[in-house]
Amino acid sequence: MQVEVSRADLPLSCPQPNQKLWNAHPRVYLPIEESGECSCPYCGTHYVLTD
Numbered sequence: 001m002q003v004e005v006s007r008a009d010l011p012l013s014c015p016q017p018n019q020k021l022w023n024a025h026p027r028v029y030l031p032i033e034e035s036g037e038c039s040c041p042y043c044g045t046h047y048v049l050t051d
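First residue of the sequence shown: 1, per this note's numbering; consecutive thereafter.
Just so you know, not all the hints are guaranteed correct.
Okay, the calculated beta carbon distance ranges per label pair [to be verified]: (1) Val-3 <-> Pro-26: 16 to 26 Å; (2) Tyr-42 <-> Asp-9: 26 to 36 Å; (3) Pro-41 <-> Leu-10: 24 to 34 Å; (4) Trp-22 <-> Asp-51: 13 to 23 Å; (5) Tyr-29 <-> Met-1: 16 to 26 Å; (6) Pro-17 <-> Val-48: 28 to 38 Å; (7) Thr-45 <-> Arg-7: 16 to 26 Å; (8) His-46 <-> Pro-17: 13 to 23 Å; (9) Ala-8 <-> Ser-35: 12 to 22 Å; (10) Asp-51 <-> Ser-13: 23 to 33 Å; (11) Ser-39 <-> Asn-18: 12 to 22 Å; (12) Pro-26 <-> His-46: 14 to 24 Å; (13) Met-1 <-> Ser-35: 24 to 34 Å; (14) Ala-8 <-> Thr-45: 30 to 40 Å.
The set of hints was computed from the structure by calculation and includes no laboratory data.
Just so it is clear, CB atoms sit at the ideal spot from N, CA and C, and this is done for glycine as well.
Input sequences plus hints: build the corresponding full structure.
So this is what it looks like as structure tokens:
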């Protein structure tokens, strides 16, 4: 799954607040600022910075 995020969403953490509780894993903060994209090590969700 790919999710677009903006700088207003930083600091970026996964899972996102809108995800269902049953689908949750431990919260991790992801370093997206330098490269503009990153993936969650738990669920594989790929985040892309749009601005």
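These are the hints, each one checked on the structure:
For Val-3 and Pro-26, the hinted distance range of 16 to 26 Å is satisfied, since their beta carbons lie about 18 Å from each other. For the pair Tyr-42 and Asp-9, the beta carbons lie near 18 Å from each other, so the given range of 26 to 36 Å is not met. The supplied range of 24 to 34 Å is broken by Pro-41 and Leu-10, whose beta-carbon atoms lie about 18 Å from each other. Between Trp-22 and Asp-51 the beta carbons are some 32 Å apart, a value that contradicts the proposed interval 13 to 23 Å.
Take Tyr-29 and Met-1: their Cβ atoms lie about 19 Å apart, and the range 16 to 26 Å holds. For Pro-17 and Val-48, the hinted distance range of 28 to 38 Å is not satisfied, since their beta carbons lie about 18 Å from each other. A C-beta distance of roughly 18 Å is found between Thr-45 and Arg-7, which places it inside the suggested range of 16 to 26 Å. Here the CB-CB span from His-46 to Pro-17 is close to 18 Å, well matched to the stated 13 to 23 Å.
Restraint check, Ala-8 to Ser-35: a C-beta distance of roughly 19 Å satisfies the suggested window 12 to 22 Å. Hint check: Asp-51 to Ser-13, Cβ distance near 18 Å, so the stated range 23 to 33 Å is violated. Evaluation of the 12 to 22 Å hint for Ser-39 and Asn-18 yields a pass: the beta carbon distance comes to about 19 Å. For the pair Pro-26 and His-46, the supplied restraint of 14 to 24 Å holds, since their beta-carbon distance comes to about 19 Å.
A beta carbon spacing of about 19 Å between Met-1 and Ser-35 contradicts the range 24 to 34 Å that was offered as a hint. In this structure, Ala-8 and Thr-45 break the distance hint of 30 to 40 Å, their C-beta atoms being roughly 19 Å apart.
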